[in-house]
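Read top to bottom, the protein sequences are chains A and B.
To convert, take the position in the first sequence, counting from 1, and add 64; that gives our numbering.
To convert, take the position in the second sequence, counting from 1, and add 1; that gives our numbering.
Check each hint, because a few of them may be wrong.
Derived list of chain B stretches under chain A, where covered just means 3 residues or more per stretch with a C-beta under 8 Å from a C-beta of chain A [unchecked claim]:
{"hint": "1", "stretch": "5 to 12"}
{"hint": "2", "stretch": "59 to 65"}
{"hint": "3", "stretch": "74 to 88"}
{"hint": "4", "stretch": "118 to 131"}
{"hint": "5", "stretch": "171 to 181"}
Short derived list, chain A residues pointing at chain B, Cβ under 10 Å [as the list claims (entries may be wrong)]:
{"hint": "6", "residue": "V72"}
{"hint": "7", "residue": "G119"}
{"hint": "8", "residue": "G122"}
{"hint": "9", "residue": "G137"}
{"hint": "10", "residue": "F179"}
{"hint": "11", "residue": "V208"}
Don't read these hints as lab results, they were simulated from the structure.
We put the CB at the ideal spot given by N, CA and C, even for glycine.
So you can see what is in the structure, the chains are spelled out below.
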Amino acid sequence: MTLLETLVPFPVVLPLAVAAVVLAAGERLPRHVPEALGIAAALAVAALSAVLAHGALGSTPVYWFGGWVPRPGVTLGIAFAPDPASAGIAAFTGLLFAAALVFAWGFFDEVRSVFNVLMLLFLAAMQGFCLTRDMFNLFVWFEVMSVVAYALTGFSLRTASLAGALNFTVINSLGSTLMLAGIGLVYARTGALDFEAVRTAVDRMGDDPVVIAGFCLVSAALLTKGAILPFQFWLADAHAVAPSPVSVIFSGIMVPIGLFGYAKIRLQIFPGSPDAMDILYRLVLGIGCATAVFGGLLAWSQRHLKRLLAFSTISHVGIMLTGVAAVAPVGLAGFLAYVVGHGLVKGTLFMLVGILLAEKASVDELDLRGLGRDIWPAGVATAVAALLLGGAPVGILHGGAHLIDAAAPPGPAGWVVRLAALLGTVLTGGAVLRFAGRIYLGLGADPGDEAHAPTDQEREKAGRPLWLMLAPCVVLLAIDLLTPAGVVEGLAARVVPQFGVVGPAVDLPQPAAWGLLMPWLALGGVLLVATLALSGDRLPRQLPRVQASVLTPFFAGLNRLHTGVVNDYVVWFAVGIALFAGWAAL
Amino acid sequence: MSPRLRLALLILAGLAILPGAAHVIGALPPFGHPVAVYGQSVNALLPELRHVSNMVTAINFDVRGFDTVGEEFMLLAAVAGTVLLLRGGRGEDRVDVGGRIGGRPVSPRSDAVVLLCRICGPFTFIFGVYVALHATVTPGGGFQGGVVIASALLLIYIGEGYGRWRQLVRVPVLDAVEGAGALLFVAAGLLPVAMGLAFLTNVLPLGTLGDMMSGGLMLVENAGVTLAVAGGFATVLIEFMEETRATDSETGPEDGE
Chain A
65 MTLLETLVPF
75 PVVLPLAVAA
85 VVLAAGERLP
95 RHVPEALGIA
105 AALAVAALSA
115 VLAHGALGST
125 PVYWFGGWVP
135 RPGVTLGIAF
145 APDPASAGIA
155 AFTGLLFAAA
165 LVFAWGFFDE
175 VRSVFNVLML
185 LFLAAMQGFC
195 LTRDMFNLFV
205 WFEVMSVVAY
215 ALTGFSLRTA
225 SLAGALNFTV
235 INSLGSTLML
245 AGIGLVYART
255 GALDFEAVRT
265 AVDRMGDDPV
275 VIAGFCLVSA
285 ALLTKGAILP
295 FQFWLADAHA
305 VAPSPVSVIF
315 SGIMVPIGLF
325 GYAKIRLQIF
335 PGSPDAMDIL
345 YRLVLGIGCA
355 TAVFGGLLAW
365 SQRHLKRLLA
375 FSTISHVGIM
385 LTGVAAVAPV
395 GLAGFLAYVV
405 GHGLVKGTLF
415 MLVGILLAEK
425 ASVDELDLRG
435 LGRDIWPAGV
445 ATAVAALLLG
455 GAPVGILHGG
465 AHLIDAAAPP
475 GPAGWVVRLA
485 ALLGTVLTGG
495 AVLRFAGRIY
505 LGLGADPGDE
515 AHAPTDQERE
525 KAGRPLWLML
535 APCVVLLAID
545 LLTPAGVVEG
555 LAARVVPQFG
565 VVGPAVDLPQ
575 PAAWGLLMPW
585 LALGGVLLVA
595 TLALSGDRLP
605 RQLPRVQASV
615 LTPFFAGLNR
625 LHTGVVNDYV
635 VWFAVGIALF
645 AGWAAL
Chain B
2 MSPRLRLALL
12 ILAGLAILPG
22 AAHVIGALPP
32 FGHPVAVYGQ
42 SVNALLPELR
52 HVSNMVTAIN
62 FDVRGFDTVG
72 EEFMLLAAVA
82 GTVLLLRGGR
92 GEDRVDVGGR
102 IGGRPVSPRS
112 DAVVLLCRIC
122 GPFTFIFGVY
132 VALHATVTPG
142 GGFQGGVVIA
152 SALLLIYIGE
162 GYGRWRQLVR
172 VPVLDAVEGA
182 GALLFVAAGL
192 LPVAMGLAFL
202 TNVLPLGTLG
212 DMMSGGLMLV
222 ENAGVTLAVA
232 GGFATVLIEF
242 MEETRATDSE
252 TGPEDGE
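Okay, chain A solo, but in the shape it has when bound (with noise of 0.2 Å):
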C-alpha cells in the first residue's frame, strides 16, 4: 500500500478521533483547547484532501475497508475513491470549516466543547459523503451530517431556532427516509451497492422501473438537502436562525453538497439509463432554472438579513442545478467552480452578517439603516461580496458562473437557463449590495416607524473582537478574488473527465460574445436594481405606483408560501415526488 493510499481514510478517521477525545476529556480540557483542537483539525483535513487531489490526479485510488476487495460476480466490501474532484471539494469543505471556527471563536464559551464535537463530526460526515464509493455508506454520512445539523440549528432555543430546526428536521427525515427506500430499490434489482458494481448492473439492464423508482427517490432526497424547488421550505427557516458560525456551513457547503452527491450519483451509477438522464436532462433542468428565479425573487423581497442570505443560496444551487443536468460535460465543471466560488463568497456573507448581530444586535435591514457606519471594513467586504456573487468577472466563482453558461442546451431552451441564471445572480448580488448601501452608507429612504423589525430580538454573543471576525472573512473573499478565473476553468475541466469515472476530455468554451457580455450585463443589473431601491424619493413618480399595485402583492404572495407551517411544506415535498412519479411515469 503506497503512501497516498495509506492516507485515504483520514480525513474521515482525524476529526472522528479528535471529537471523541474532546467528549472524553469533557470539561476537564482548558479554556479554547477544544476550540483550537477544532480548528487544527480542520486545517488538518483540509491538506489531506488536498494532498490526496493532487495524488490521484491521473489515477484515481481505490481503498478497500478492512482489505474487503471485490471477489469475482460479488462485491462485498465498502470503498472511498478520492478522485480529483471528490477530494477538492473535500479539501475546501475543511478550509471552511477552519473559516467558520475561527470565526466562532468565543462564540459558544458556554457549551464549548458539545460544539466542538457537533461541529467535528459534522467535518467527518461531510469528507465521507465526498469520498465514499458506496451507496450505503453515503447515506451514512449523509444522514450523520443530518442529524448534526438538526441539533446545530436548534442551539439558540428560541422558540423561533426550535420551530426553525423542527422545520428542518422532519423535511430532511423525509428526504433521509426517501434515500433509504431509493437505496433499497437500487439494491434488490442490482443486488449490489458499490457504485461500480450497480453502474455495471444498471448498464446491463437499461431502463428497469425499479431502478428509476431508485433514481427518482434518491434524486428528492438529495435534491432536498440540495434546497431545490419545491423540497427547498425548509432552508430559509434553518438558516435565519442557526447560529451565524452555521450558517456559514450551512449556505457554504452542506447545502451545495447535496447536489455534489447528486452529480456524483449521476456519473457514477445511473449514466447507463436513458430513462433516468432523460429525468435529468429536461425536469431537473427545468426545475434548476426554475429554482434560480424563484430564489432571486424572494431574495430580493426580504429585509431580515439572514433569511436574505438564505433565498439567494436558494438561487445560487438553482444555477448550480443547471450545471449538473446539463448534457454538456463542461457544465459539471462550471458546477464544481461553482460550489466553491458560491462557498467562499456565501460564507463571508453569513460572517459579515453575524459581525452585525454581535456588534449592532440586529439582522433587520431597515432597522440597521446607517447604523453601519463604525465598522466600515466590514462594509466594504459586504460590497465586495455583493459584486461577486453579483457576477463580477473575476474570480473562481465567475470562472463556474462561466462554465455552466457554456453548458447551456441549444436553441430556445438555452436562453431560458441563460436567463433564469442571469435574473439569479441580479436578484441576489443586487439585494446584497442594497442592505450594503443602506446599512454602511445610510442610503434609501428613511424608513420612519417601518423600521421597527417584526423580528423578535435577537444578538449573538457580543465582545468578540471585530479584527478575529473579519479575518476569516477577507482571507476566503481573497482565495475567491485572486484566483484567476482562466486557471480554475482549467483546473476544473481536467478534473471532470476522472469524477466521471472514465470520461473524454472536457472542451473549455470558447470565448463568444454572449459569454464575454454576460457578467457584465449581469453586473449592469445589480448595481441598476440597488440604485433602484435605494434612491428612495428620487424615482420618477411612476415606479412607486408600479410597485405598490403589482411587485408588493407579488412579493407578498410568495413570501406566503413560506408559511413556517411543516404540514405545508411536507405538501409542497409530496407534490415533489409526484413531479418525478407523473415524469417517470409518462
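Assemble the complex: chain A is given as a structure, and chain B must be docked to it using the hints.
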C-alpha cells in the same frame, strides 16, 4: 394554506404518484424470492473466513465495519445534540446531585420495589454484558448489550431514588465512557493501518467458530460500541430526567430548592 386546500393538494399529489408506484411494485422481485447474491455470499464465505456464527455482527463489524463507524458517531452526535438542546434550555447550572422541587411530595418507595430493583439491577447489568460479549456467536452485540446495561443503571433510580442515582451515575464519567468507547473503535481500525494494511482489516487471531472469543478484531470494536452505547443512553436518560426540573424556574425562588 388552509387545511382543506392542503388536503386537496396532497390527494392530487398522491393520485399522480399512484400509477408510477403501482408500476414499480409490479416490477419488484416477487415475495419470498431467494435472498440477494450479497446475502448468499456472506453466508457462504464468512464462517470460514472469520470464524463467526452471527452473520449480522460479521457484516456490522467486519465486511461493512466502516458503516458502523459512521453509525457509532451518528449516535454520538444524536446524544451530543440532545445534551446541547436540553442542557442549554435549562441553563448551564449543571448540578451533579439531584435536587428536589419544594412543594412536590416525595412518596417513599415500597420495600417490594426496592427489593425487586436490587435483585434485578445487577442481573440486568450482567445480562447486558453477556449479550455484548456474545456478539459473534448469538444474536445481539454491542448496541443491544449497551442499551441493556444503560437500562440496568436506570433500575438504580427506581430502587434507590433520584438523589442516590445521581450520586452513583456521574455525567462526566458517562461522557468519558462514551468518548472512550468511540475512540476504542477508531483505535481498532487504526491498528491494521499501523501494520501497513487497510483501515479495519481483521488482523487479530480469529479463534474457534462458536467460541465467545472468536472473530478477532470484531471483539475489540464490539467492546467500543458497548461502552459508547451504554454511556450515550445513560447520558440521554439523565438529561431527560433533569428536564422534569424545568419547573424550578417557573415556581419562583421562594418555592424553589
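We went through each hint and held it up to the structure:
Only residues whose C-beta sits within less than 8 Å of a C-beta in chain A count toward coverage, and the stretch 5 to 12 of chain B has 3 of them, enough to reach three; the restraint holds. Taking a C-beta to C-beta cut-off of 8 Å, the stretch 59 to 65 of chain B contributes 3 residues in contact with chain A, enough for the three needed, and the coverage statement holds. Residues of the stretch 74 to 88 of chain B lying with their CB closer than 8 Å to a CB of chain A number 12, which satisfies the three-residue condition for coverage. Only residues whose beta carbon comes within less than 8 Å of a beta carbon in chain A count, and the stretch 118 to 131 of chain B has 0; fewer than three means the coverage is violated.
Residues of the stretch 171 to 181 of chain B with a Cβ under 8 Å from some Cβ of chain A number 6, which satisfies the need for three, so the listed coverage holds. Contact between V72 of chain A and chain B, as hinted, is supported at the beta carbon level, the nearest pair being about 8 Å apart and thus within 10 Å. Taking 10 Å as the C-beta contact cut-off toward chain B, the hint placing G119 of chain A at the interface is violated, the least distance being around 17 Å. Among the interface hints, the one on G122 of chain A is violated; its C-beta lies about 22 Å from the nearest C-beta in chain B, farther than the 10 Å criterion.
Because the smallest distance between the Cβ of G137 of chain A and any Cβ of chain B comes to about 7 Å, under 10 Å, the interface hint for this residue holds. Interface restraint check for F179 of chain A: the shortest CB-CB distance to chain B comes to about 7 Å, inside 10 Å, so the restraint holds. Contact between V208 of chain A and chain B, as hinted, is supported at the beta carbon level, the nearest pair being about 5 Å apart and thus within 10 Å.
The structure is inconsistent with the numbered hints 4, 7, 8, although it conforms to all the rest.
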